[in-house]
Amino acid sequence: MRVTRFLFLSCLVLSTIAGTAAAQSKSEGKYETRVKYLKNAYDALAGSYVLFFNYPRAAETFDKISATARFKQDERREASRQALTLYSSLGDRTAMARARQNFVALGASPKEVAEADFIIATAELKRWDRYSPDTGANATARRAAQRAMDDYYTANKARDPAAQYAVQAAYWSAVTRHVVQPREAVKYWQITIEAFEKWKRLAPLKDGKSSALSSLEAKYAAEGEFTLLTQEIEDKFDYETGHHRFKGTSVEVVNQYTAQAAIAKGWYDKLQHVNDAYLSPEWTIAAMSRQGSLYDSLRTGLYNVRPPALKMFDAKTEALLKRAENSDDADLQAKADEARVRVQEAWRNKRDQELDSADRIMIDRYATSVVLAKRYNVSNPAVVRAIRRLAFATEVIGEAKMKQFAGGVKELNYTEGMFQRMRPGQVSTPAPQGMPEPLPVLVGGAP
Amino acid sequence: MIARVVVSLAVLALASGCGGGAATPPAQTPGAATAGAPPPAAGAEAPPPGAVTAISDTPTSGEAASPRPAMNAQAAQAYSAGLEAFKLGDLAGAKTQLSRATSADPKAYQAFYSLGVVEERLNEVGNAQSSYRQATVIVPDYEPAIFAYAVLMARQGKGHDAMEFLNARRASMPKSAAVVAAMGEVKSIQGDSGAAQTYAQEALKKNPDYAPAMIALARDHYRARRLDLSLYTLKAILDGYGPENPPRDKNNAEARLLRGLILKEQGNRPAAIEEFEKALAIRPDLVEARVHLAAYLLESGNATGATPLLEGAVRYDSDNVLAHLNLGDAYRLLGKVEQAKRELEWVQKADPQLAQVHYNLGLLYLFSEKVPGTTPQQATDFAIGEFEQYKKLRPRQAGSNDDTDELITRAKAKKGILDAAAAEAAEAKQPAAAPAATPAPATPAKPAAPATTGTPAIRKDL
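The listed protein sequences derive, respectively, from chains A and B.
Numbering follows our numbering, with no gaps: position 154 of the first sequence is 154.
Numbering follows our numbering, with no gaps: position 435 of the second sequence is 1435.
Because the hints were derived from the structure by calculation, they are not lab data.
We treat Cβ as the ideally placed atom computed from N, Cα and C, and that holds for glycine.
Please note that the accuracy of each hint is not assured.
Covered by chain B, per the in silico footprint, the following chain A stretches (three or more residues, Cβ under 8 Å) [unchecked claim]: (1) 49-56; (2) 376-382; (3) 418-426.
Input sequences plus hints: build the corresponding full structure.
So, in structure tokens, the structure goes:
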């Protein structure tokens, strides 16, 4: 009953002091002491409401403190911040606006105002459930959240004190679009990255590095950059989306492949930027897996090239060879045959060499992402794909090569058939309840 | 208080005397606690030190309990054995022992309540309700049974009946925080958040330290999707707000579970993992925490870590389909083919419409070296069948990362190889044919040009 008594006493003290304090003259010298008691009583009352988990009343009390001109300005400002946070959680828009006005009037710093405005903006975001279908009230909530985040970003993008929150606003502007129409989110992902670059410059240094690195904002920007890159790679490079269907003579195929390998290197470097620029474990791991996928696409294209798309000779040479083969000259026939064998073998050697080279990178990147996912307890669809592709690659390239290529990956400890065995199944979790069954009772009373 | 946790059951059971009219615990001798208990369930793990496996039943009104019948010695011994079995997750053993306690002493109200707890976990809802009810017939103001009975009814969609029951109890127990908190919980389950908050606040006015009322508030905010307020409440319970407002119940496992679920929803994976781990260190019986934590581990490729969590989950909730599903996959990943098959076949029987089980069975049949009871050809056929079934139940969606078609192709290819090998073997049994001509030597290959793949330097960072 300690808390109940405390609450009662706080109220009693408040009514007594509030009733008399105003009547006191400053000249009596007791004014300051009485105001101090009054403030203590209000603090105790607010604390009691928090203790009783009565947040609406706690918010009202903080609001009251902030509006009481007798109290010190910094104390009132802090109370208005508390009120604002609580009203935001309670979703009381009118009270939020009032608390914000008080907060500004009481001399909040530009950074504090930026934070307060973001707290107000996120009240809309809290109504949206990202993981539920975009229908009915949830769709309305998503649109409202999008507007709030867009408005915040537009109003604050040029303001340095708001740089940190601008990253978050831009991120949610992107996410609220991405869940329904990924292509419409492109501009907002770019904005997120730009906003992060600005925040990285402005954020305080920690151990000589920007404290923005590895932060929540860094994670958001890394997700943005990865999402943009992966969409672009899907459109322009992935084997699954129709690329790397090489055709022509063996020489032409090798040339096409070489050109694509140069492009792969370009994508690889761009993905490496995700790894280096943000220090976000989740997106570094995803980017690594995606680096592996580039060489997966490349090698799949080369591996799958077959006649008739593949021709060993150009039309003129082919005609010459055919003529020699159809001639009655045994020597010419042997020469033609020898030429075919030689070119065929050269092609195979070249192809195998290129496949080995691509496989080495593909396996290293995929396997490293798998190892790091386990180390950092991270899951990402890109890692699941990496394991699947490694399992597939084991069958295609054989155990000997897999052992050779995967053997160099730190902490992997590759064993035969590892990737087939570790191919992930479908994991499910129940809808959250948060209400466990009771426990039995101890006979013998309370401790 | 119901929620005031008992830190070391065995020690306290031995040390505690008669408290507030509660039954006197049986005399204990070393090893007596488990004397009547069946051997632990296969693979059972002892709870971690400091884990909570039972609650106290001191009245929440702060007053002495009404006179209550003491449990007789024979019942007490069985009761103790029942709690030991429960502690190990051996629910069948716990049920046997607790039933024995109720037979040995028909007035053993605690045994009826605890039996109800075990029956509820065994999904014997009717039995659980009867047992809870019987406890309240013997001791009408027995709060743990009143709370559990009402909440179970509400979970069964009988919130109205639960409120009627609680209103009657409230009239005779006006100072009970537990009864009012139960009303809050029932109202929250019914979706009446306003009433739920009012009742829970009222319970806290009766007993400001009554943790189930605090949890009811947090859970109601969560159910009503006021996640921030829920987190606020949980922070007050677990961490406090500075020296003036210390944590209200920092070892509350339910609060940890709830916070873990919210953090999971918010995508804060590391923090959610930490909360689930802490919740389980306090209460190893929290199946929901086990399943969510194990799923995280499985997703990141840690089947070794996930397996014991899931084994514990199915011990405490043997009908939990998703725990069995995930455990089956964990066993498959660890190469425990027989156990994986057993778990997945159980799931298939329990819920044939669950698409995921067919996918996981397909993987088991396709990639396991030897599936007991099947030939390699049969295993491949089964794999194809399971993947096809998966496709039927979960049609491919645009943009999904579905590899079922690829798996079917591979299974068919494997089948082709196996069939060819079988045909070859059969042919080999025929009388030997004429020896094949010696193959011509291969033309020596020309040295190849260097690879043109624009190999980037592989970075070994991180």
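Hint check:
no.	hint	result
1	49-56	holds (count 6)
2	376-382	holds (count 5)
3	418-426	holds (count 7)
The structure meets every hint from the earlier list without exception.
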